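Number of protein chains: 2
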Amino acid sequence: MRIDQLESPAAVVDLDKLSANINRLQSYLAEHNLANRPHIKTHKIPEIAHMQVDAGAVGITCQKLGEAEVMAQAGIKDIFLPYNLLGGAKLERLMHLARRVRISVTGDSEVTVRGYAEAAQGAGLALPVLVEFDTGLGRCGVQSPQEAAELARIIARASHLHFGGLMTYPSNEQTDGFVAETRRLLAADGIPLEVVSAGGSPGMWQAHTHKEVTEHRAGTYVYGDRSMVNVGVMSQAEVAFHVIATVVSRPTADRAVLDAGSKALSSDGARGSTGFGLILEYPEAHIEKLNEEHGWVDLTACAAKPQIGERVTLLVNHCCVTNNLFNEIVGHRNGEVEVNWPVAARGLLQ
Amino acid sequence: MRIDQLESPAAVVDLDKLSANINRLQSYLAEHNLANRPHIKTHKIPEIAHMQVDAGAVGITCQKLGEAEVMAQAGIKDIFLPYNLLGGAKLERLMHLARRVRISVTGDSEVTVRGYAEAAQGAGLALPVLVEFDTGLGRCGVQSPQEAAELARIIARASHLHFGGLMTYPSNEQTDGFVAETRRLLAADGIPLEVVSAGGSPGMWQAHTHKEVTEHRAGTYVYGDRSMVNVGVMSQAEVAFHVIATVVSRPTADRAVLDAGSKALSSDGARGSTGFGLILEYPEAHIEKLNEEHGWVDLTACAAKPQIGERVTLLVNHCCVTNNLFNEIVGHRNGEVEVNWPVAARGLLQ
Chain A
1 MRIDQLESPA
11 AVVDLDKLSA
21 NINRLQSYLA
31 EHNLANRPHI
41 KTHKIPEIAH
51 MQVDAGAVGI
61 TCQKLGEAEV
71 MAQAGIKDIF
81 LPYNLLGGAK
91 LERLMHLARR
101 VRISVTGDSE
111 VTVRGYAEAA
121 QGAGLALPVL
131 VEFDTGLGRC
141 GVQSPQEAAE
151 LARIIARASH
161 LHFGGLMTYP
171 SNEQTDGFVA
181 ETRRLLAADG
191 IPLEVVSAGG
201 SPGMWQAHTH
211 KEVTEHRAGT
221 YVYGDRSMVN
231 VGVMSQAEVA
241 FHVIATVVSR
251 PTADRAVLDA
261 GSKALSSDGA
271 RGSTGFGLIL
281 EYPEAHIEKL
291 NEEHGWVDLT
301 ACAAKPQIGE
311 RVTLLVNHCC
321 VTNNLFNEIV
331 GHRNGEVEVN
341 WPVAARGLLQ
Chain B
1 MRIDQLESPA
11 AVVDLDKLSA
21 NINRLQSYLA
31 EHNLANRPHI
41 KTHKIPEIAH
51 MQVDAGAVGI
61 TCQKLGEAEV
71 MAQAGIKDIF
81 LPYNLLGGAK
91 LERLMHLARR
101 VRISVTGDSE
111 VTVRGYAEAA
121 QGAGLALPVL
131 VEFDTGLGRC
141 GVQSPQEAAE
151 LARIIARASH
161 LHFGGLMTYP
171 SNEQTDGFVA
181 ETRRLLAADG
191 IPLEVVSAGG
201 SPGMWQAHTH
211 KEVTEHRAGT
221 YVYGDRSMVN
231 VGVMSQAEVA
241 FHVIATVVSR
251 PTADRAVLDA
261 GSKALSSDGA
271 RGSTGFGLIL
281 EYPEAHIEKL
291 NEEHGWVDLT
301 ACAAKPQIGE
311 RVTLLVNHCC
321 VTNNLFNEIV
331 GHRNGEVEVN
341 WPVAARGLLQ
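Residue numbers (this note's numbering), protein chains in the order written: chain A, 1 to 350; chain B, 1 to 350.
Note that these hints are calculated values from the structure, not bench results.
What you are looking at is a predicted structure, and each value in this text was computed from that prediction instead of being measured.
Where hints are given, some of them may not hold.
[What the hints assert, rightly or not] From the derived model, a few chain A residues whose C-beta atoms are all more than 12 Å from chain B:
| # | residue |
| --- | --- |
| 1 | Gln5 |
| 2 | Lys17 |
| 3 | Asp54 |
| 4 | Ala74 |
| 5 | Asn172 |
| 6 | Ala187 |
| 7 | Ile191 |
| 8 | Cys320 |
[Claimed, not checked] Residues on chain A that point at chain B, a partial pick, calculated with CB under 10 Å:
| # | residue |
| --- | --- |
| 9 | Leu85 |
| 10 | Gly261 |
| 11 | Gln307 |
| 12 | Glu328 |
In this text, a Cβ means the ideal position worked out from N, Cα and C, and glycines have one as well.
Build out the structure end to end from the sequences listed, making use of the hints.
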């Protein structure tokens, strides 16, 4: 079957480009002696996670426990979960996972770390815990090297925890300084920094400039999207992921309506451009608005205009959230369908 | 089990409020002799669709064929699909459905209508087709009563189509004039307007003021959300749908981070307010930004501030897209869990 026979809207992945994206980042990170630990939030598909590991990744990154459970069930052996896990139910599931695969987590507070310590002690397991630090993003993470060192000491002292190092997102110009100062503070206690894990696709080709970082986590690079093209880290030709949509209405001379709305594409914008995706066949068209199942396209700037029933290919704003809205992703090679992947780890928010 | 024992983030529906919302709109529409045809896009759950039909709805509205298939399989007998369905594969599925349930569709172009005509003739079925018209929203729909009448005549003349009337979204002050003029144009041909279907939750309590309208389609009303409260059609106490989240980080005195981000809540805004939802326990808190699995909360305006591990209840911006991101919706009565509903028709974009 060809992808032009798929019912729309369809989310399709070019398998050759997917492999090329996986190999390109892997080669770059290997060249710079950086461990590669790709974030599976983008695809949530076990087979793609295995492709990443087979290419040389040391393991994967998941953002939610449910994702990690799916990946462990699919045979992934080394999972990093850089999230504060709180509450008895989640800690119990974490311990179940820790018996079967190597799983490491993060904390940015004593509350979180105490929970890990009690759970690991109760289970009789040694759990690696990294300290999350904030270098300006303003999301999670301890705010100073002093706080990082203090939390690291609590982890190192806990009988069933292992201090695994430091984690931040994204890598930036403050990362090295923060890490170096934390390292200095911990040296007095004889506590080493095994891993310094940083991440992000927008900054992936600068990963080697952060000399204190030992591991890079990137997610979006595997597919690519309009944001990645706009920030200049991938070319449009390298993007592996697209949504195929159909023009279902042409109510006026300058308007088209697509069968892909916010429930197919998400309402996320792209860095560096307006609208809700780029129509490859009509780059002058502007997807100006989305309703849940309708994409509103302004054709004013288009010389040629699509007809009712015509299929178009969308470079989406944000592939991670778009992928998350589809039940299945279709893998193809030169337009020939090879695989239908259920998005196995989607919707596992808990 | 109590909802405060559910792992977060969880999407919960108060079953008493859900019933009250269903009955309130049903009573109002019945009082005004308007048929009620609720839109299931909000919940995508067969049991809730049955509750709506049992309360007196004439049938349901679906936006995608896949949704209609799920609802037909669950025993719903009368489905309106107000969408231009194009292409052989979709028309074949439509005909399969039409053998099993009463299904009606819309078109806003001759291309769409010709497809219906051929498919219905091939299947030997009579398919009701309504003409979609635009009264200013600027999405789909014919632009003038003349176009509406012309398309209606094509439908009426087709051997296996039945002209079912007119459809628009949303109901507004131009609706009656458009319909009256179309009725006048068609009277000469002896073509009656059986159904005039209009819709929307924001305008639901004005449905009776559109004298030409015979049927109302509302979706969001069944749950309610921050937009509905802001536009004044529901009170906050009437909202049945909430997301329970946990504070997973308190990195600074004025910042909290929730375990619900854009993959739980969507990036949709609410009419009439900024931010990404209202925290009922901390109404002064501002959910200023979402990443995929993190909600960034500014606590500057809060006198009391939530602790790490504390659970909070979110009035979400847009319940339809939020519901669509969860695998399961938990139904409870006074906090006691009664049912876990799989969101059966989610992700069925084709």
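Inset, instruction - Any hints from earlier that this structure breaks? Give me their numbers in increasing order, please. - result: 1 and 8
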